[in-house]
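Residue numbers (my numbering), protein chains in the order written: chain A, 1 to 122; chain B, 1001 to 1122.
Calculated from the structure, these hints are not laboratory results.
Be a bit skeptical, because a hint or two may be false.
As the list claims (entries may be wrong) - Below are the SDA-like pairs computed for lysine to any residue, each with C-alpha atoms no more than 25 Å apart in a straight line:
{"no.": "1", "chain 1": "A", "residue 1": "K40", "chain 2": "B", "residue 2": "T1076"}
{"no.": "2", "chain 1": "A", "residue 1": "K40", "chain 2": "B", "residue 2": "D1044"}
{"no.": "3", "chain 1": "A", "residue 1": "K82", "chain 2": "B", "residue 2": "T1028"}
{"no.": "4", "chain 1": "A", "residue 1": "K82", "chain 2": "B", "residue 2": "V1099"}
{"no.": "5", "chain 1": "B", "residue 1": "K1040", "chain 2": "A", "residue 2": "D44"}
{"no.": "6", "chain 1": "B", "residue 1": "K1040", "chain 2": "A", "residue 2": "A29"}
{"no.": "7", "chain 1": "B", "residue 1": "K1040", "chain 2": "A", "residue 2": "S92"}
{"no.": "8", "chain 1": "A", "residue 1": "K83", "chain 2": "B", "residue 2": "N1117"}
{"no.": "9", "chain 1": "B", "residue 1": "K1082", "chain 2": "B", "residue 2": "V1099"}
{"no.": "10", "chain 1": "A", "residue 1": "K83", "chain 2": "B", "residue 2": "A1029"}
{"no.": "11", "chain 1": "B", "residue 1": "K1082", "chain 2": "B", "residue 2": "E1104"}
{"no.": "12", "chain 1": "B", "residue 1": "K1083", "chain 2": "A", "residue 2": "V46"}
{"no.": "13", "chain 1": "A", "residue 1": "K83", "chain 2": "A", "residue 2": "D44"}
If you want the building blocks of each chain, they are given just below.
Number of protein chains: 2
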Amino acid sequence: MSNAKVLPLLETGSVVPCCPPLTERLFTAEEAERAARMFKALGDPVRLRLFSAVASHPGDEVCVCDISDVGVSQPTVSHHLKKLREAGLLTSERRGTWVYYRVEPSVLAAMSRLLTNASAVA
Amino acid sequence: MSNAKVLPLLETGSVVPCCPPLTERLFTAEEAERAARMFKALGDPVRLRLFSAVASHPGDEVCVCDISDVGVSQPTVSHHLKKLREAGLLTSERRGTWVYYRVEPSVLAAMSRLLTNASAVA
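Okay, chain A solo, but in the shape it has when bound:
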């Protein structure tokens, strides 16, 4: 339980999702807390657009300096990217003046699994 607090949806370094599909059983309060954090981060239109900008960028990585087409100021871009990072959806690395962001693919996979229709698969 203790290391589950380090990363909200995944155990360290591996693709072990925190939670079963939402269709499988009632979530525990702790599972709901962790999964809700990720959904909440994507629950803002500007953040969702920014996430799509990073996730769809060739090379899977994008410099903050290259994001200018979402209609918000650079400080707002930085603010929202930080929120996405804090929610565990993006990772970042500072190189020189700029911060570079990338999507953690295993987090996408874990979120997608949450939304799998277990009864349709079974």
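Dock chain B against the given chain A, drawing on the hints supplied.
Frame of chain A, contents of chain B only:
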């Protein structure tokens, strides 16, 4: 575009999702607005637990009167289920005294598709 406003994520009655996978390209402001509404609805721990309660219930349908194990009062349960319905994640039907909720499976599929890693598939 006009009928797209009726339902937030799906065209009427069919499984035509509003948006491509988040990894495919930058979302338009309108796509982001629609998809963010669904994520936001799941971005609350109590709502997420309630959603899992409905989604995992045998028979795919549950009476509000049967949801008592998420640790919140009945009015709070009703309030959150209504929010999930307004976001297009649940449908409801009143029969006699009680309201019955069910998950729309095509909405789950559409949300799951949003989180598909397009570059991994391609």
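Structure-based check of all given hints:
In summary, the hint linking A:K40 to B:T1076 is supported, as the alpha carbons are separated by about 19 Å, within the 25 Å threshold. A threshold of 25 Å between alpha carbons decides the hint, and for A:K40 with B:D1044 the separation of about 7 Å falls inside it, so the pair holds. Our distance criterion of 25 Å between C-alpha atoms is met by A:K82 and B:T1028, whose separation comes to about 21 Å. With a C-alpha separation of about 41 Å, the suggested pairing of A:K82 with B:V1099 is violated against the 25 Å cut-off.
For the given pair, B:K1040 sits about 7 Å from A:D44 by alpha-carbon distance, which is consistent with the 25 Å threshold. Straight-line distance between C-alpha atoms of B:K1040 and A:A29 comes to about 18 Å, which keeps the hinted pair within the 25 Å bound. Restraint check for B:K1040 and A:S92: satisfied, since their Cα atoms lie roughly 24 Å apart, inside the 25 Å limit. Distance restraint check for A:K83 and B:N1117: the Cα-Cα separation of roughly 21 Å lies within the 25 Å cut-off, and the hinted pair is therefore satisfied.
A distance of roughly 10 Å separates the Cα atoms of B:K1082 and B:V1099; the hinted pair therefore holds under the 25 Å criterion. With a C-alpha separation of about 19 Å, the suggested pairing of A:K83 with B:A1029 holds against the 25 Å cut-off. Taken as a hint, the B:K1082 and B:E1104 pair is honoured in the structure, with Cα atoms around 14 Å apart against an allowance of 25 Å. As the CA atoms of B:K1083 and A:V46 are separated by approximately 21 Å, the hinted pair is consistent with the 25 Å bound.
With a C-alpha separation of about 11 Å, the suggested pairing of A:K83 with A:D44 holds against the 25 Å cut-off.
In this structure, only the earlier hint numbered 4 is contradicted, and the remaining ones agree with it.
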